[in-house]
Amino acid sequence: MTLLRLYRWAVVGAAIALLEVLCLKRVIDPITMQAPHLIVRDLYRLLASGRMNGAIVKTLANTVLSLVLAVGVGLIVAALLHRRRTLRDTLDPLFATYYAVPVFAFYPFFIVVFGLGDLPQILIAFMLSVVAVIVNTLNGLDRIPPVLLKTARIMGLGAAETALRVTLPAAGPHIVTGVKLAVAYAFIGIIGSEFILSRGGIGYEISFAYNNFENAVMYPLIVLILIASVVLNSLVNGWERTMLERRGRR
Amino acid sequence: MSAVEAGAGPVPVSLRRVGKTFAGTSGRPVLQALGPIDLELRRGEFFAVVGPSGCGKSTLLEVIAGLTAASEGSVEFEGAPIRGNVPDGVGVVFQEDASLPWLTVRENVAFGLRRSGLSRAARETRVGDALRIAGLTDFAAAYPAQLSGGMRQRVCIARTLVTQPRLILLDEPFGALDQQTRLLMGEEVLRVWRETGATVLLITHALDEAAMLADRIGVMSARPGRLKEIVETGWPRQRDSGIIERPEFGAITARLWHHLRQESVKALGRAAPGTAEEETAVMGAR
Amino acid sequence: MRASPLRSALNGAMLVVALIVIWQLVYWSVGDSGLSSPLETARYTVALVTREGFGEHLYDTMRAFFIAFVISVTFGLSLGFWLGFDRLSGDVFEPMFATLYAIPKLTLYPILLLALGLGAPAKVGFGVLHGLIPIVLFTVGAVRNTRPILLKTGRVLKLSRWQTVRWILCPSAIPEIFTGLRVGFSLTLIGTLLAEMFASQRGLGYLLMTAIGLHNLPQIMSVTVLIVAFAASVSTLLLWMDRRLHERG
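Residue numbers (this note's numbering), protein chains in the order written: chain A, 1 to 250; chain B, 1001 to 1286; chain C, 2001 to 2249.
Hint data in this document are derived by calculation from the structure and do not stem from the laboratory. By construction, the Cβ of each residue, glycine as well, lies at the ideal position given by its N, Cα and C atoms. Accuracy of the hints is not assured; some may be wrong.
Reference listing, derived: stretches of chain A covered by chain C, where coverage requires no fewer than 3 residues with Cβ under 8 angstroms from a Cβ of chain C [what the hints assert, rightly or not]:
no., segment
1, 93-99
2, 104-115
3, 158-172
4, 228-235
5, 238-247
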């Protein structure tokens, strides 16, 4: 396993090295992109200057907020839908085609209704992530072996205790998968909206830098987001994996 | 775990004219799965139930456990009626692996004591005892996924034991295991039975298993399941798998098969729609 | 999943009706400044679609999307098969693709623009960026998850490597590959549209952006509805095919 990780880092390293060479040899001209080591330097300067702190906080706060909303609402809706077969069947086509629809198409509409603040972004991010939570949680609830619920009854557990001590842990891995997707989608939703139209946040800063030909700001920010999303994704992934390994499933 | 005096106290399980019918839902017909059945268990005995597939053996166990309410007749546990509620003092081991995969073996076993109201020390003693009886002390910190199928069933048995049940119901607990493991697990169950002094009801489709383990064996007819015959084995309480060497063992198994054969042929005749039907009917009734 | 096709169609129809009703209700509470009524939107859509020049926009979007999809499928399947067959490269690269899946690819957009310039190449590039990855991931999964018992059967029947691929592996992998293609389809469309919203003077995404700029509510809603309707209907069709494949497979 560690050998594989080594290979992966080697591949990444080789790619970056290649970029570096291409930039230094001017195959990629400096107007399009500066050399990787310069990007790193600019990133450091940017963070050190604190100029982007407001934007970073804004983006992060909005992402976390939409994520929490999505997970909370998603779990509750999934729990409700799991009991009501007819309602679930009616909504099934919606869930199935949901991610085919460009949710961003609704962003203009939200801006018109709610004005240009944080709310439309949070709504978009929420809309993107909540369905992932619902669908995966429903999946998890479906797959709970009935024998576990029978066991709960044998032991005289009440409804709340069963839900908390048996249903939730049993569906755990699937719920975590939903959360993993929700994290990615919330991030995409917020940053994407900031790109399209916004008054602040990292997406806005990247867009602004792009329009003003400020590569020294744009690339570092892009790299920052890439690193942040990879780190986040790995963390949740790691959590999911420990859960699965403990249960003997891969 | 104390032994219980034979013969004293209320009858552990009593069924009178018990029947179970599953109401038809859309697309599924009404299904009479069970009955009418009359059965009385003797205190501290090991009773096995055999029958053809689809005859309602599992339904019978669920009715006794209180997981399903009987459609007709009366079911009593220690003199008190059961109606779709699980009484205290009853433990159940299922065929499917019911160990909670997110808890260690020790936590799994302790889970059985959630509502016991015992002190922490008392709980730990009981858990330790149950682990010892089930032979799991060395594996207390492992997760079920790291254990074999047989060991996982032992976890479920230990979890049942920890509540000190007076009636232990086993629904084809060794169905998923290979033959050698089954025989060894059978010996384990006998040991547990002797140590706890509980009344045991075992559902199985394996005739040799029933003949080896039980004091009495009930043979069920094809659906709707009725008790066709009760065979007494007369084995001594102190027994193990060596019992299969006795000549009476062959005779008992032959007798069981003699009664079962006709019923099995009947069941096989409608096996394709029958068992699938019953399964979906049973699922729908939950 | 267990519902009959008629039932599913009914459910779908009910859902659409319910959505339109909700739309109308929201309109009544929010008014003309926030929303355009279903009727108004329908009227505008007809006018828009029949207007001069609309066809060109539509063609532009579809052409970019089509090219992007073909590229995604070709490279996606090839990469997927390679990574699926070759254990080592699969083990090394597959998790990397999975991580790429989770990255907000929108952030790479400025880079793509700088590299490819404005217009069609950027649209295609962005579409491919979105659509390639799921196709690769699903194909790798499909190939690697072939049930070992099927491969054993191939060996018992003395099939050559090529025959095994053709007669056992491919048919067994098709359902999951198809799911990848379906997801790839949707994502390629999204990628193309997003690109149009930023860097194009033509296409549906561009129409949407100009409508925002001019605060043209009916147009915003018309284009949105058109996009949603197209995406949803094709996706439903693909989903139906997907389910049929999985039932059979």
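Status of each hint after checking the structure:
1. 93-99: With 5 residues closer than 8 angstroms to chain C, the segment 93-99 of chain A meets the three-residue bar; holds.
2. 104-115: holds (count 8)
3. 158-172: n = 0 at 8 angstroms, threshold three: violated.
4. 228-235: holds (count 4)
5. 238-247: violated (count 0)
In this structure, the earlier hints numbered 3, 5 are contradicted, and the remaining ones agree with it.
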